[in-house]
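Here the protein sequences line up with chains S and W, keeping their order.
Counted the way the numbering used here counts, the first sequence spans residues 1 to 473.
Counted the way the numbering used here counts, the second sequence spans residues 474 to 946.
Do not rely on the hints blindly, as some may be mistaken.
[As the list claims (entries may be wrong)] Going by beta-carbon spacing under 7 angstroms, a handful of chain W positions derived as facing chain S:
no. : residue
1   : Ala-592
2   : Leu-717
3   : Ala-719
4   : Glu-754
Hints listed in this document are in silico derivations from the structure and should not be mistaken for laboratory results.
Quick caveat: nothing in here was measured; it's all calculated off a predicted structure.
Every residue gets a Cβ at the ideal spot worked out from N, C-alpha and C, and that includes glycine.
There are 2 protein chains.
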Amino acid sequence: MKPKYLYAALFVSASSWMASASVATPEAAQPDLEKTYADAARRIRETALRERGAWDKLEILCDDIGHRFSGSPQLEQAAAWAAKTLRADGHENVRLERVMVPKWVRGRESLEMVAPRSATMSLLGLGGSIGTPAEGITASVLVVKGKKELLAAGDKARGRIVLFNNAMPPYDPEKGSGYGTAVRFRHKGAALAAAQGAVACLVRSVTARSLRSPHTGAMSYDNVVSRIPAAAVTIEDAEMIARLAARGHNVRLTLKMQARDEGLVPSSNVLGELRGSSLPEEFVVIGGHLDSWDVGQGAHDDGAGCVMAMEALTVLRKLNLRPRRTIRVVLWVNEENGLAGGKQYAKEHAEEKHVAAIESDSGGFHPRGYSLECKDKARQDAAVRQLEAMTALLAPLGATRVVAGHSGADVSPLKDSGAVLMGLDVEGSKYFDYHHTHADTLDKVDPQELQECVAAMATVAYIIADMPEPLGR
Amino acid sequence: MKPKYLYAALFVSASSWMASASVATPEAAQPDLEKTYADAARRIRETALRERGAWDKLEILCDDIGHRFSGSPQLEQAAAWAAKTLRADGHENVRLERVMVPKWVRGRESLEMVAPRSATMSLLGLGGSIGTPAEGITASVLVVKGKKELLAAGDKARGRIVLFNNAMPPYDPEKGSGYGTAVRFRHKGAALAAAQGAVACLVRSVTARSLRSPHTGAMSYDNVVSRIPAAAVTIEDAEMIARLAARGHNVRLTLKMQARDEGLVPSSNVLGELRGSSLPEEFVVIGGHLDSWDVGQGAHDDGAGCVMAMEALTVLRKLNLRPRRTIRVVLWVNEENGLAGGKQYAKEHAEEKHVAAIESDSGGFHPRGYSLECKDKARQDAAVRQLEAMTALLAPLGATRVVAGHSGADVSPLKDSGAVLMGLDVEGSKYFDYHHTHADTLDKVDPQELQECVAAMATVAYIIADMPEPLGR
């Protein structure tokens, strides 16, 4: 998923969140870091851009293993492969750390329009949803744009399938994707609709572009009593249902879902290290999440984040760039539907000194810079200035943007550790076209852009791990 | 389909065809036509752009009826609806003309990768393909880019499923879509592969953009002996199979298709007229094809062409613009997999004097002008000059381009009638993203652009029908 937007949506409105994010000014740059690490940055960049190590790893992850949903055998294969690969690349302290993850099983699912005519629709049940009875749920549809229309409809939702036909705007280079606002009904739509007496909930897929493409994602219920099945439909089908309803048709659908919760099962975060030369017990974490949804290949979300962290460590090791502090790759599990890996890591490693934790979970696109946040605002401000000096070294990649105010989902449980939490910021115009779909596949990843991400991550991780004082001090 | 590219591909190489098309120069324009019809053109344009009649018709066709494959009840519903709508709009001589069309039935179909790992793939069987045995065909894959690689592989195709992984280039505003070249293996791949001993044929979908989107389309066999099942796979799956094979994996697939030929069944072309005031037995035909593939809604292909012709006639009638000659709307059937409607119309109406036949089958996008061709080259040249004068009146729409050398599939059987054959030329960057897929749906059509097409078609049809001499004389 793209947690920064998601969390923004859950806790504050996206617009107020956008306003609270600040782009730091270049005046604050610190030339010393830039000068000290210019040579290392050049070597890292040249090596990363010359090679295709991240792509080669991603090819195995996507093609030989495939999607890696929490609770699936593929996720365990991926963890074993990642550990083996980290060891083969010569890294230290490679290990699996056990995490209990939820096992939600999609089963077969279908959506048929039965009136005013017969038609088969594309759907993806939402992760966490309950299933339907075997014969399905057949009911008339109430189409609403959002909560306000739902509440205004009063009793009309009773006994109906509620369709939230809420459109995500086209990507805007200034404002971003609008995902944070659009995703609300995927998360909470079923609870809202159930409270009004609905028998099932459909959500227009959270995307601005579609070729009849359903997008799955996590949902949650308010309480046990009001659980109704929830699924995503395509823009195309949502619009058709809305048009038919607007012309007075009674649109009736049959939804069948075998979705079920099979409880908790064991899985693992994967760790590997480049041990620090003089401060090995201070850690800079880099990573992504190893799990994906149960469709597509999880190439951008978040195979790319995993392999770029793995490869960043490998590039540093090849160049004999051993920093003062330890750089630790962490590949978290269960980011998509529970965040069990991120939480477990923070809990188990609470006693360790984390200087920074850098996550990549926005795809393997051309890097633009970094986002960051820190509980201690003075430290955050100082970190912004230092990051600007570091990212000045990424100017040949065009990755000089530093934005304060957010980071990523898997590092977020570390916020009380005092670490500076960071997210790799990448070009975002296409991410949500593929996000949580059958189409998040390796062909969407550009090998060169992925290696640019490796360079951006290795450079910044190395400098943070090697600079004399901890980041933000 | 997009017949001009298809036919180019079948008979000449696309590049030589592109070179033979000529864009006529503006010096040749004829100011008389421009002056005579300036007022009519303005009134047509203003009326068409103020209204949404074509969109309203397309909404019924797409949403209330849906896709309309030859042999389906929906195609017959569409014909009945079109006739009723033409009558309701006050048109003359509205009638159905019987055409026997092939009934090919897709049935259930599936494609599973069984080695090196298990995975479900998206597919669409190709129209005209035979099915597989009930247990499916399981075989190893031979990946080739085209015929040359297939032949070079010699015996390696024997007993295998051949995958033609031939990429269509991204759309180029100068060169167009590259469809004509890319579509070859969809048409002839099964025959080529069968000749080498293959047991089934898969073709990379003919598109440059995909969100795991299979594109169907027509195919044909060389002879009865060498028939093997043929289906389209997505770019994503074709690329994955090719990558796995390139790394030495033995990729094995199970293809199941229930596809079957159910012979010929009755259907109908739909006709309606605005009778000419003084030369009613001379005809200017305008139209599109009423049938679609059995997926999506056939919105751009070619619901748009049908409704723009219907609405063009209605706009002229509303404005009391009755030309000298008769303008006849023809909605052909079975363009997609046989051209039975186009052939039948030409045969049944061979004795009538057709001055021009204008087809729209490239979608309801922003109009750019017209293509045209005529067996008599002197007449074609004269027609180009006259068309330039007419399309000068379409300058407010930006539809002034006149290209000689091709027209459209449904009008092509009229070539011996002496008529000037024409095609509405529209902005083409997105057409093949949707073409023959689940995603060719109404939301992809812009109501304003569709009405621009109505204006472009009504203006040119009116002038050709009203000018003193027949077009090109």
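| field | Status of the W/Glu-754 interface restraint (C-beta, 7 angstroms, chain S) | value | violated, 41 angstroms
| Per the CB criterion, is W/Leu-717 less than 7 angstroms away from chain S? | Since the shortest Cβ distance to chain S is 6 angstroms, the answer is holds.
| query | Can the hint on W/Ala-592 be confirmed by a CB-to-CB distance to chain S that is less than 7 angstroms? | reply | holds, 6 angstroms
| task | Verify the interface restraint on W/Ala-719: the C-beta must sit less than 7 angstroms from at least one C-beta of chain S. | result | violated, 10 angstroms
The structure is inconsistent with the numbered hints 3 and 4, although it conforms to all the rest.
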